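Chemist: Each chain is listed here by its residues.
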Amino acid sequence: GENVEQHPSTLSVQEGDSAVIKCTYSDSASNYFPWYKQELGKRPQLIIDIRSNVGEKKDQRIAVTLNKTAKHFSLHITETQPEDSAVYFCAVKRGSQGNLIFGKGTKLSVKP
Amino acid sequence: ETGVTQTPRHLVMGMTNKKSLKCEQHLGHNAMYWYKQSAKKPLELMFVYSLEERVENNSVPSRFSPECPNSSHLFLHLHTLQPEDSALYLCASSQGPGRRNEQFFGPGTRLTVL
Numbered sequence: 001g002e003n004v005e006q007h008p009s010t011l012s013v014q015e016g017d018s019a020v021i022k023c024t025y026s027d028s029a030s031n032y033f034p035w036y037k038q039e040l041g042k043r044p045q046l047i048i049d050i051r052s053n054v055g056e057k058k059d060q061r062i063a064v065t066l067n068k069t070a071k072h073f074s075l076h077i078t079e080t081q082p083e084d085s086a087v088y089f090c091a092v093k094r095g096s097q098g099n100l101i102f103g104k105g106t107k108l109s110v111k112p
Numbered sequence: 001e002t003g004v005t006q007t008p009r010h011l012v013m014g015m016t017n018k019k020s021l022k023c024e025q026h027l028g029h030n031a032m033y034w035y036k037q038s039a040k041k042p043l044e045l046m047f048v049y050s051l052e053e054r055v056e057n058n059s060v061p062s063r064f065s066p067e068c069p070n071s072s073h074l075f076l077h078l079h080t081l082q083p084e085d086s087a088l089y090l091c092a093s094s095q096g097p098g099r100r101n102e103q104f105f106g107p108g109t110r111l112t113v114l
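These protein sequence lines are chains A and B, in that order.
Using my numbering, read the first sequence as starting at 1 and increasing by one per residue.
Using my numbering, read the second sequence as starting at 1 and increasing by one per residue.
To be clear, the hints were calculated from the coordinates, so they are not data collected in a lab.
If a hint is listed, it holds; no wrong ones were tucked in.
Below, computed lysine-lysine pairings styled on DSBU-like, alpha-carbon distance capped at 35 Å:
(1) LYS111(A) <-> LYS36(B)
(2) LYS71(A) <-> LYS36(B)
(3) LYS40(B) <-> LYS57(A)
(4) LYS40(B) <-> LYS104(A)
(5) LYS68(A) <-> LYS41(B)
Computed from a predicted model, the values in this text were never measured in an experiment.
Based on the provided sequences and hints, a complete structural model is requested.
Modeler: Written as structure tokens, this is what we have:
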């Protein structure tokens, strides 16, 4: 089955710096790669996603890049703010019928 | 409240109790999911229902019993749980297989088994 590895498990940055979180997957047939943000005590919410026919997608301060050959994708947050502090989960889905397989999460702390 | 709701938000139960978790979605979705979220572990998919039919059971112990009476409601019946079952149980919904992939999560039920 699919195996999703997420690194780092914790990340601390200064406000204004950039943050990068990386995930690797094992199934080359996977074709959908979302990122979820879960603030303390709240539900996970989708922040950005990318499909396998696209190499990069950007939405304001966040971007996701996908390297299908190497089977990894990354979340990039620029100009970080304290409200970006949360746990971020990557996920992978195979085909239209597949379920999401989640990474273990990265706890991001942005220090003012 | 719109979106996906869950009740109760917190539950404390003994190992011999029987309780049920409830999830309701107001998004017109066709697929619903139960996840278990424990500390330092990834989100673990437990059950998937598509058009009220269970399509996946990820080797979940029989002390967890799901029920999906219609496409808007999902239950998780609990009986003779173990302390290691203490976790946050999240419900989610999506438009269904083959359609938009985004899953919308409920706020979760924090379960403590004594």
